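K.L.:
Sequence:
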Amino acid sequence: MNCFKGKNIIIGITGGIAAYKICDLIRLLVKDDFNVEVIMTESACQFITPLTIQTLTGNPVYTELFNLIRESKIGHISLAEKADCMVIAPATANTIGKIASGVADNLLTTTVLATKAPVLIVPSMNKNMWDNPILQENLKKLSEYYTIMEPAEGLLACGVYGSGKLPDVEDIFEMIKVILTPKPLKGKRVLVTAGPTIEEIDPVRFISNYSSGKMGYAIARVAKRLGADVTLVSGRTSLRKPYGIETFYVKSAEDMLNKCREFIKDADILIKCAAVADYKPEKRANQKIKKGSSNKFTLNLVKNPDILSELGKSKKRNTVFVGFAAETEDVEKNAYKKLTEKKLDMIVVNDVTEKDSGFERDTNRVILITKTGKKPLPLMTKEEVAYNIFEHLLEKSLV
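The sequence shown begins at 1 in the working numbering and counts up one residue at a time.
Heads up, some of the hints might be wrong.
[What the hints assert, rightly or not] Taking lysine-lysine pairs in the BS3-like style, the calculated list, with each CA pair at most 27 Å apart, reads:
hint : residue 1 : residue 2
1    : K188      : K82
2    : K188      : K177
3    : K343      : K316
4    : K337      : K303
5    : K337      : K313
6    : K375      : K343
[What the hints assert, rightly or not] Ranges of calculated distance between the beta carbons of each label pair, as one might list FRET restraints:
hint : residue 1 : residue 2 : range
7    : C3        : N94       : 32 to 40 Å
8    : E150      : K371      : 14 to 22 Å
9    : A285      : S163      : 44 to 52 Å
10   : I77       : T55       : 20 to 28 Å
11   : C3        : K141      : 29 to 37 Å
12   : S143      : D202      : 17 to 25 Å
13   : V204      : K141      : 51 to 59 Å
14   : T49       : E329      : 53 to 61 Å
15   : L394      : A285      : 45 to 53 Å
Rather than coming from a laboratory, the hints here were simulated on the basis of the structure.
Source: prediction; values computed, not measured.
Note that beta-carbon positions come from the ideal geometry of N, C-alpha and C, so glycine has one too.
I would like the entire structure built from these sequences, with the hints used as guidance.
P.N.:
Set out below in structure tokens:
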């Protein structure tokens, strides 16, 4: 299931030094089965060649407004009408000013003026230009009609550190998906936990598990795309912080419980995807435990608090609780037991011993179980699993 397959993205590249980075954005879009067509301004062609872009997209690159062959079909109108989303990146101060003033003197500005598709503008420029009040006034005007993506902070091409840097292309890619996704969860607050917890034995050792956080992060991203206000509470992972999502990093099970308590009262949906350690050392050593002469080492463990049970005491009456179960045997039996004992609305269970399923993988094979039945899913990406979870909750009128 790829809800973006075949969507038409029209990218407008203007004359900024960050133009070369758009090649990576195009690669991400094409890999995800978007159809990408590109308009380049005359200045953009000084930074990167149309041939490079054509090679990456597999489509002709549009550079001139008055190309007699293309304009016989009114090219700027056909591009405007076929677009599912227009992306202007990098957007220079010059192009931003033209669009804000309704100027249509090249193919890009003409197409923007003609399209009814959503438009994403991604500014990138020198810090002083970004701070200019005229530029900010133009962006304020455009924000009434289009989506403006704030530039990142960093070392700019001019050698100055500050705002004006093109955001990571992965974040632009994610924003395109946010724009194109319907919003059935608009107005809902979703609290997601992800990743492993860590229980320290001493300053250099700990108890943890193989969870990568990929499933929980996918759920958080998809919830955001579907319109929800998302809070992510994450254990330690190597994953990038999800764009536009309030994210808190914790270490232990107790840390995760305490952070979730801050948000559970306002949550409409809790999805506890984190792999939480069931036990922790009874006592943490203040110094590194040295290897002794004995061949054995005894570590006393005590139970961690049950996060789902504890949060259940503080939740709103109608908060939807979704749990996860990673099993190795009696998969469905154990899942139904957890569903009942923890009073969950849904449990997502998988057999982590199956090939290409479970921890550290990009794919998963799960069963969605509610009080009224079950829905086995085939092997799919974790992002697709996330869509199926919310789709099932909506079908069951749980949200």
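K.L.:
Next step is simple, just say for each hint if it's right about the structure.
P.N.:
Going through the hints against the structure:
{"no.": "1", "hint": "K188 <-> K82", "result": "violated, 32 Å"}
{"no.": "2", "hint": "K188 <-> K177", "result": "holds, 19 Å"}
{"no.": "3", "hint": "K343 <-> K316", "result": "holds, 14 Å"}
{"no.": "4", "hint": "K337 <-> K303", "result": "holds, 19 Å"}
{"no.": "5", "hint": "K337 <-> K313", "result": "holds, 20 Å"}
{"no.": "6", "hint": "K375 <-> K343", "result": "holds, 19 Å"}
{"no.": "7", "hint": "C3 <-> N94: 32 to 40 Å", "result": "holds, 35 Å"}
{"no.": "8", "hint": "E150 <-> K371: 14 to 22 Å", "result": "violated, 44 Å"}
{"no.": "9", "hint": "A285 <-> S163: 44 to 52 Å", "result": "holds, 45 Å"}
{"no.": "10", "hint": "I77 <-> T55: 20 to 28 Å", "result": "holds, 27 Å"}
{"no.": "11", "hint": "C3 <-> K141: 29 to 37 Å", "result": "holds, 32 Å"}
{"no.": "12", "hint": "S143 <-> D202: 17 to 25 Å", "result": "violated, 52 Å"}
{"no.": "13", "hint": "V204 <-> K141: 51 to 59 Å", "result": "holds, 56 Å"}
{"no.": "14", "hint": "T49 <-> E329: 53 to 61 Å", "result": "holds, 58 Å"}
{"no.": "15", "hint": "L394 <-> A285: 45 to 53 Å", "result": "holds, 49 Å"}
Hints 1, 8, 12 from the earlier list are contradicted by this structure; the remaining hints agree with it.
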